[in-house]
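A.B. asks: Line by line, the protein sequences give chains A and B. Following the working numbering, the numbering of the first sequence begins with 1 at its first residue and continues without gaps. Following the working numbering, the numbering of the second sequence begins with 1 at its first residue and continues without gaps.
Where hints are given, some of them may not hold.
[Unchecked claim] As a list, the in silico DSSO-like pairs of lysine-lysine whose alpha-carbon atoms are at most 30 Å apart: (1) A/K89 to A/K65; (2) A/K89 to B/K185; (3) A/K14 to B/K5; (4) A/K64 to B/K221.
[Unchecked claim] Some chain B residues well away from chain A (every beta-carbon gap over 10 Å; in silico): (5) F8; (6) L198; (7) Y224; (8) L226; (9) A228; (10) S258; (11) Y325.
[As the list claims (entries may be wrong)] Here are a few chain A residues that sit away from chain B, every Cβ distance over 10 Å (derived from the structure): (12) I21; (13) S42; (14) L54; (15) T69; (16) R85; (17) K89; (18) N103; (19) P104; (20) V105; (21) A115; (22) M165; (23) K200; (24) G214; (25) V243; (26) R300; (27) T312.
Read the hints as simulated data drawn from the structure, not as lab findings. Note that the coordinates shown come from a computational prediction; the quantities given were computed from them, not determined experimentally. Even for Gly, the Cβ is constructed at its ideal location relative to N, Cα and C.
Single-letter residue listing:
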Amino acid sequence: MALLEVENLTIAYKTRRETAIAADRVNFSLERGRSVGIVGESGCGKTTLGMALLRLLPSNGFVKKGRVTFDGMDLLSLPDTRMQRVRWKRIAMIFQAAMNAWNPVQRIGDQILEAIRTHDPKITKAEAVKQVEQLYELVEIPADRIFDFPHQYSGGMKQRAIIAMALACSPDLIIADEPTTALDVIVQDQILQKIKAIQKEKNIALIFISHDIGVVAGVCHEIMVMYRGKIVEAGRREEVFEVPVHPYTRALLSSYLTIDGVFEIRDKQSPAPPCTPAEPLSKELCGYVHLCPHASEACRSRPPQWREITPTHKVLCSLCR
Amino acid sequence: MHFRKLIFRRIIEVMAIFFLILTGLFLLFHLSPGDPVSRMVQPGMSAEDASMLISQLGLDQPLWLQYLYYVKNFFTGNFGISFHYGQPVIHIIGRRLPNTILLFTTSVILSAAAGVFWGKLVAWYKGRPIDTWVTILALVCHTLFLPWIALLFIWIFAYHVGWFPLNGMITPEVWINPSAGFLTKAADIGHHMLLPLLTLFIIHVGSYLLIMRSSMLETLKEDYILTARAKGLSEKRVRNRHAAPNAYLPVVTSIGLSLAFSINGGALTETVFSWPGIGRELIFAVSNNDYPLALACFLFISLVVLVANVIVDVLYAYLDPRIRY
Chain A
1 MALLEVENLT
11 IAYKTRRETA
21 IAADRVNFSL
31 ERGRSVGIVG
41 ESGCGKTTLG
51 MALLRLLPSN
61 GFVKKGRVTF
71 DGMDLLSLPD
81 TRMQRVRWKR
91 IAMIFQAAMN
101 AWNPVQRIGD
111 QILEAIRTHD
121 PKITKAEAVK
131 QVEQLYELVE
141 IPADRIFDFP
151 HQYSGGMKQR
161 AIIAMALACS
171 PDLIIADEPT
181 TALDVIVQDQ
191 ILQKIKAIQK
201 EKNIALIFIS
211 HDIGVVAGVC
221 HEIMVMYRGK
231 IVEAGRREEV
241 FEVPVHPYTR
251 ALLSSYLTID
261 GVFEIRDKQS
271 PAPPCTPAEP
281 LSKELCGYVH
291 LCPHASEACR
301 SRPPQWREIT
311 PTHKVLCSLC
321 R
Chain B
1 MHFRKLIFRR
11 IIEVMAIFFL
21 ILTGLFLLFH
31 LSPGDPVSRM
41 VQPGMSAEDA
51 SMLISQLGLD
61 QPLWLQYLYY
71 VKNFFTGNFG
81 ISFHYGQPVI
91 HIIGRRLPNT
101 ILLFTTSVIL
111 SAAAGVFWGK
121 LVAWYKGRPI
131 DTWVTILALV
141 CHTLFLPWIA
151 LLFIWIFAYH
161 VGWFPLNGMI
171 TPEVWINPSA
181 GFLTKAADIG
191 HHMLLPLLTL
201 FIIHVGSYLL
211 IMRSSMLETL
221 KEDYILTARA
231 KGLSEKRVRN
241 RHAAPNAYLP
251 VVTSIGLSLA
261 FSINGGALTE
271 TVFSWPGIGR
281 ELIFAVSNND
291 YPLALACFLF
301 ISLVVLVANV
311 IVDVLYAYLD
321 PRIRY
């Protein structure tokens, strides 16, 4: 059995007017030591998905149906106190906004120590500090900066310190939600290399959430493309990156800036930049039908079906054979 | 190190502000209508005697020279003789100021502590009945008219029920008794202080509660609260160790801002309860044209507010490392 199994996970937000589906029947599984990237534009539900795994949805968000099994535990029905023991000890998170992920009035070192000592109450302070020193060595921050306050760190340092904290309890799974988005490209590259190396070395499973398909392709074994709450294409990195099938994936890839500074148009027929149309999402029909240059009558009348391109490469589209 | 420099700078600033107040008050007192001498001059006094008195008081000197004397007198602690009491003003201030500080420090500490505690709690249970009712109650407290609630309390608790003395700060019989120890005297003051304290508490607790509540609600949206939860901390720890310390900051600011107002309200409270404090003395001095006393009251009230603001700044810097480092 895989380390993490997500079955039919549907997450919704209650608003004044309606109940909005943010993630719709998401299925995937993840083995120990493997990494999966979830790619999609803002608002497609990828962060919601990550939060739901840790049961950290905002108060108006809830899991409508589905199961999340982690190491044999049904995470969604776990009592709160047991869930608190799973958090960080088993599943850690690297946050989107490292700038604001640190409590501004507490020293960084104390915040990392808090994580260690919450999950290991017996450890002495000296031992815990030693652990933090080792983590700092790993993420290449000088040890004399451990007990600085967050505002004394640069953005990149804060992000690396977050990675150090994520590793503090040796988790089995790390969810990295846009870990490099706020950073400049050089620091971004350093951080990505770090994450990749640590993930490999410690044999940690990784869920990497990003809007940048190039970044994801550099880090992950598998890629899932998410659009309007649905996974529309999933497969091994090479398959999705080299042979994208879903028109949305192709559009996403074609808007990806290559090293030459030109748009590499992979699909001449869908140059339109992906964006979420204003029309309400029909629950069953393909969400991309309004923008898809290939949309046929069938797309507008029938829900799309999952097709297997290869045993590991699947796509949710009526057009693909 | 930076911390000390910051406090040092604030003290310099406060001293400059105080000097401006000193000068401003001097000008105001010279501009204000009414002649200080006319009070001292007896109807039977000759014009010669009157002008002698004026030159004795130095009021025939040019304004700038008077100002220099005024500043010199301030720094030597010479505030003149009160017209009404016939005693040095500094002695009267020395007797009244501690009473005011006792009452107001206690009321600020108690109402801020209670406001912060309840504000934190109701923000945590936002939308539940406890939040709704406590917030409504806080709004009611916040909008109450101070003299009205003070009189109401006296009427109910002192006059009808008789739990508390009607007014004043001490019971003379208790203090005359030579065998009365410190504790007996302190208990007597405490007994007199309870009603004014309760009044000030009710007036101020609402605003502290509302500020803490909204500040806490803002803080709870921050990313580091999510981090704290993701770390597997208990909800109580998230609330008390991560959210609350950040939410305190606006409350501390508002304590600093509200101090000046609470001393104003204090004059009312002191008058209604006949609390022998500096606010009541000020009202008395102003209505009796007791210029030296009124001037000294103004100066010391502003001094207290400025010192309290320095204390608030120190507290703020202590709570927020971004200021300190």
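A.B. asks: Each hint needs a verdict: does it hold in this structure or not?
C.D. replies: Hints and how they fare:
Among the hinted pairs, A/K89 with A/K65 is consistent with the structure: their alpha-carbon atoms are about 26 Å apart, no more than 30 Å. Taken as a hint, the A/K89 and B/K185 pair is broken in the structure, with Cα atoms around 58 Å apart against an allowance of 30 Å. Pair hint A/K14 plus B/K5 does not hold up; C-alpha atoms about 51 Å apart against a cutoff of 30 Å. Using a Cα cut-off of 30 Å, the hinted pair A/K64 and B/K221 holds, with the two alpha carbons roughly 23 Å apart.
At roughly 22 Å from the closest C-beta of chain A, the C-beta of B/F8 stays outside 10 Å, upholding its exclusion from the interface. The claim that B/L198 lies off the interface holds: its Cβ sits roughly 33 Å from the closest Cβ of chain A, which is beyond the 10 Å cut-off. For B/Y224, the requirement that its beta carbon stay farther than 10 Å from each beta carbon of chain A is not met, with the minimum near 4 Å. Taking the minimum C-beta to C-beta distance to chain A, about 6 Å, the non-interface status of B/L226 is violated against the 10 Å cut.
Remark: the non-interface label on B/A228 conflicts with the geometry, its nearest Cβ contact in chain A lying 7 Å away (cut-off 10 Å). Against the 10 Å criterion, B/S258 stays outside the reach of chain A, whose nearest CB is about 23 Å from its own CB. Chain A draws B/Y325 into its interface by the beta-carbon criterion, the shortest separation being 6 Å against a cut-off of 10 Å. Here A/I21 stays apart from chain B, with its beta-carbon at least about 22 Å from theirs, past the 10 Å limit.
Every beta carbon of chain B lies more than 10 Å from that of A/S42, the smallest distance being close to 17 Å; the non-interface claim holds. The beta carbon of A/L54 is not kept farther than 10 Å from every beta carbon of chain B, the shortest such distance being approximately 6 Å. Even its closest Cβ contact with chain B, about 19 Å, leaves A/T69 beyond 10 Å, as expected for a residue assigned away from the interface. Distance check on A/R85: its Cβ comes as close as 6 Å (rounded) to a Cβ of chain B, failing to clear the 10 Å threshold; non-interface status is violated.
Against the 10 Å criterion, A/K89 falls within the reach of chain B, whose nearest CB is about 6 Å from its own CB. A beta-carbon of chain B is positioned within 10 Å of the beta-carbon of A/N103; the least distance is around 4 Å. A/P104, annotated as away from the interface, has a beta carbon of chain B within 10 Å; the closest lies near 6 Å. Not every CB of chain B is more than 10 Å from the CB of A/V105 (nearest about 5 Å), against its label as outside the interface.
The Cβ of A/A115 does not lie farther than 10 Å from every Cβ of chain B; its closest approach is about 5 Å, which violates its non-interface assignment. Distance check for A/M165 against chain B: the nearest CB is about 8 Å away, which does not clear 10 Å, and the non-interface claim fails. Residue placement check: A/K200 keeps its beta carbon more than 10 Å from all beta carbons of chain B (closest about 23 Å). For A/G214, the non-interface assignment is confirmed: its Cβ lies about 25 Å from the closest Cβ of chain B, beyond the 10 Å cut-off.
Every beta carbon of chain B lies more than 10 Å from that of A/V243, the smallest distance being close to 36 Å; the non-interface claim holds. Its beta-carbon lying about 40 Å from the closest one in chain B, A/R300 satisfies the requirement of being farther than 10 Å from that chain. For A/T312, the non-interface assignment is confirmed: its Cβ lies about 31 Å from the closest Cβ of chain B, beyond the 10 Å cut-off.
Comparing the model with each numbered hint stated earlier shows that hints 2, 3, 7, 8, 9, 11, 14, 16, 17, 18, 19, 20, 21 and 22 do not hold.
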